[in-house]
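Chain order of the listed sequences is U and X.
For the first sequence, this note's numbering assigns the number 1 to the initial residue and increments by one for each residue that follows.
For the second sequence, this note's numbering assigns the number 1 to the initial residue and increments by one for each residue that follows.
The hints are simulated quantities; they were obtained by calculation from the structure and are not laboratory data.
You may find that some hints are simply not true.
Partner residues aside, some chain X positions facing chain U, computed with beta carbon under 7 Å [unchecked claim]:
no., residue
1, Trp20
2, Phe197
3, Ala232
4, Val376
All C-beta atoms, glycine included, are put in the ideal place defined by N, C-alpha and C.
Here's the letter readout for the chains.
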Amino acid sequence: MDALEGLTVLDLTSHIAGPYASKLLADLGARVIKVERPGGDPARRLGPWLGDEPGIERSGTFQFLNTNKESVVIDLKRPGATDVLGRLVRLADLVVTSAPPAVNDRLGITERWVSGVKAIPYLEVTNFGRVGPYRDYRLSETVLYAIGGEMYSHGTADREPLKLGMTAPLLQCGAMAAVAALGAVTAYEVHGIGQHVELALFDVQINSVDRRSSAILAYRFSGRVNARAAASGAGLAGGIYPVGDGYVEVTASAGNYWRRFAEMVGDPELLDPKWNDPRFQAQPANKEVADGIIYPWMLSRTRAEVWEAARAAHALVAPLFTGADIYDDPVFRERGLWTEVEHAVLGRFPMLGRPYILEKTPWRLRRLAPCLGEHTRAILAESGANASEIGRWFAEGVVA
Amino acid sequence: MSDGLLPLAGVRICDFSIVWAGQSATMYLADLGAECVKIENPNLWNPMTRAASPRINAQTAAMVPAWIGGHPPEPGPRPWNNSPAFIHVMRNKKSFTVDSRRPEGFALVRRIIEMSDVIAENLPKGTLEKIGLDDATIRSIRPDIIILHLPAFGRSGAYVEGRGYGSHMDAVGGSTILRGYRDSSPLTNVQVFAGDFFAGMHGAVATMAALRHRRRTGDGQTIEMAQAEASAAMFPQAALDAAWNGRVHTSIGNRSFEGFVPNGVVPCAGDDRWIAISCRDDAEWQALAAFMGHPAWANDPRFATPEGRAAAEDEIERHLAAFTRDRDQTELFHALQAAGVTAGPVMDARDAATDPHLAAAGAWIRLPATADYPEVDWARPPYRFSKSAVGLRTPPCLMGEHNDYVYRELLGLSDAEVEAYRAAGHIADGYAPDVIASA
Chain U
1 MDALEGLTVL
11 DLTSHIAGPY
21 ASKLLADLGA
31 RVIKVERPGG
41 DPARRLGPWL
51 GDEPGIERSG
61 TFQFLNTNKE
71 SVVIDLKRPG
81 ATDVLGRLVR
91 LADLVVTSAP
101 PAVNDRLGIT
111 ERWVSGVKAI
121 PYLEVTNFGR
131 VGPYRDYRLS
141 ETVLYAIGGE
151 MYSHGTADRE
161 PLKLGMTAPL
171 LQCGAMAAVA
181 ALGAVTAYEV
191 HGIGQHVELA
201 LFDVQINSVD
211 RRSSAILAYR
221 FSGRVNARAA
231 ASGAGLAGGI
241 YPVGDGYVEV
251 TASAGNYWRR
261 FAEMVGDPEL
271 LDPKWNDPRF
281 QAQPANKEVA
291 DGIIYPWMLS
301 RTRAEVWEAA
311 RAAHALVAPL
321 FTGADIYDDP
331 VFRERGLWTE
341 VEHAVLGRFP
351 MLGRPYILEK
361 TPWRLRRLAP
371 CLGEHTRAIL
381 AESGANASEI
391 GRWFAEGVVA
Chain X
1 MSDGLLPLAG
11 VRICDFSIVW
21 AGQSATMYLA
31 DLGAECVKIE
41 NPNLWNPMTR
51 AASPRINAQT
61 AAMVPAWIGG
71 HPPEPGPRPW
81 NNSPAFIHVM
91 RNKKSFTVDS
101 RRPEGFALVR
111 RIIEMSDVIA
121 ENLPKGTLEK
131 IGLDDATIRS
141 IRPDIIILHL
151 PAFGRSGAYV
161 EGRGYGSHMD
171 AVGGSTILRG
181 YRDSSPLTNV
191 QVFAGDFFAG
201 MHGAVATMAA
211 LRHRRRTGDG
221 QTIEMAQAEA
231 SAAMFPQAAL
241 DAAWNGRVHT
251 SIGNRSFEGF
261 VPNGVVPCAG
271 DDRWIAISCR
281 DDAEWQALAA
291 FMGHPAWAND
301 PRFATPEGRA
311 AAEDEIERHL
321 AAFTRDRDQT
331 ELFHALQAAG
341 VTAGPVMDAR
351 DAATDPHLAA
361 AGAWIRLPAT
371 ADYPEVDWAR
381 PPYRFSKSAV
391 GLRTPPCLMG
401 EHNDYVYREL
411 LGLSDAEVEA
421 YRAAGHIADG
431 YAPDVIASA
């Protein structure tokens, strides 16, 4: 049995944040009916491409974000479309949307409308919420991290602030939307209540444990404002070091961290207790001596060798992995981070798999991401529409 | 209703979690109504869990960065109750002190587990086992409990002994290599802790799924979430491009993975003021060009398409920075948005704390002062429920704040028994002097 078996989600979200939330539910067993616009979710136009060949069914971003879902295409701008959508609401236990409030209001897809059709939870994921001066402002992952996240502290003091890689802030928001969704579902199942749940991407970032909430509280407590560091690394040993085949991240401040780091390097000079003193470590001449020992030790080893030594010494040192390392890593492979899948159209390919291991209700792929509109006809029939209605909606372009 | 229709009303968590990943996972569950009982040991200092150091004072706090050192100006005798890095993850929780390593303390922990629905931990593997709490024992105490483990790199396989904070999880999860300056090596990268944040949310998701399964079947289960593995899902495109096409991604700086051009961070007037701008499609580019007054450089026909703009990205970024450099950050933000361009200021902590939108949207809740922290505005949880009383229900818990509740109400100990536990050093509002001296 899957943990979320028997739960049906009507998913009106697109792009990255919302679909990651519904993916987390789908991968734990929820049935997710994804409503796509004609032409498809814009994520279908984001790489990487399977075999480097672009195409709306070949997008890595889309394939990852939409595992275990079914696809129905509805043109919500067409007259009569909300009636069709209402039929799908009746199949669902949760509706999730990520369209801007102004768009949903225009289309008539509102909390009042959903609850009028069926008293189920309605999760609205927005950029900035429904209240406040930025309500209708636009966002990209870069702008989101700039306004909400820790961008101001990321990078070095002499240069511009830096964003995170790829589309990370949106995936973070998606994970928080899944927390909100499961909260809403639990209240529905336990207390029998449907309700409106709002989650603004801006709020998620402002609340991020990724130092932002700490920085704001620090300002309130002390008046101090977070800043970018003058340079990477701190103190005698810390930050990123080059090794024979890449880089490793090191934390070795005075105390146990330094002691274990020195034991890992194993050089008799560094094992002298005089080193394990913040004042001694702070002197530039001493750092030079330490670097003279640490750099050759690092450079004569691979990341795998350094990490093995670090684990043995319980030192806070870990390798910088690329996507290729995450794919090739034998330990992650053996633990099941990757799943080899067979797609009816695309053939066999590996898929990045579970974020967690649930002993009795394992994460699993019941089906791969749907082709555009793959389930339109079947789900409309399931909703009680007859063949002539369905035929008319296709002819009128309400569905596809 | 007394439970305020809270989703997780009646769910109790026995919380051994530390640092950010574990403590934020249980915070989300507490936000949603679980009774989260933190098990804290006055005779043991867990690094990076309540403060950088139990001895931090005004002088030493000033020596470390604001996010970890920005205590109230006088941290006072209990700095573990006012660390800006950690006190906020204590919201909606209860704190109970006991030395679980001693038999009479362990006996109480057993009783807490007996009455708990979830036990959460992210200690190095072996820590709980050493005090007698391996999974089998936990399950023998409470057969239907949900056990949430959040190890750094996994509880099986060769990385079991790996130790790490967020920066090390970010390294292995693939974040660090993807986020430096485009024109310099990863050696200049600084730390962020995205992995802690991501892992905490996933821990809460997995726990709620397991709770649902238990409601339906009566079965508890064990959840293992390796933080580094969860982090890999923050960059699925990098992993899949490697797996599918053998391509290795490194950092593209502030440029867009999604092909937006221009996309980046450019300077504004003033000291260290910046604005992020993305042109997500041709219409936004046209809107930007119009906003700038159609300067000659922007009229270049090559720039009409994303491909054409991408071929001249350096040039466009140079021109854009020259345009923004002397303009006011806030005015530019609103003017660009009004013109149809995706843009936003790089907010520092003060900007966020005083942001008019967040204030209007009710993002903050003022809580009264305690003996250890002043009256300030605290963040309201980001999700807003129209019926369930989800929110900042109880203030961030001070160490030992709920000892009376746990020892007397929950465990039902008599006055004499409570006094014995107090005399033996289990009941405290802080750490033992020798722990403070040596941590």
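Now for the hints, and whether the structure bears them out:
no.	hint	verdict
1	Trp20	holds, 5 Å
2	Phe197	holds, 4 Å
3	Ala232	holds, 5 Å
4	Val376	holds, 4 Å
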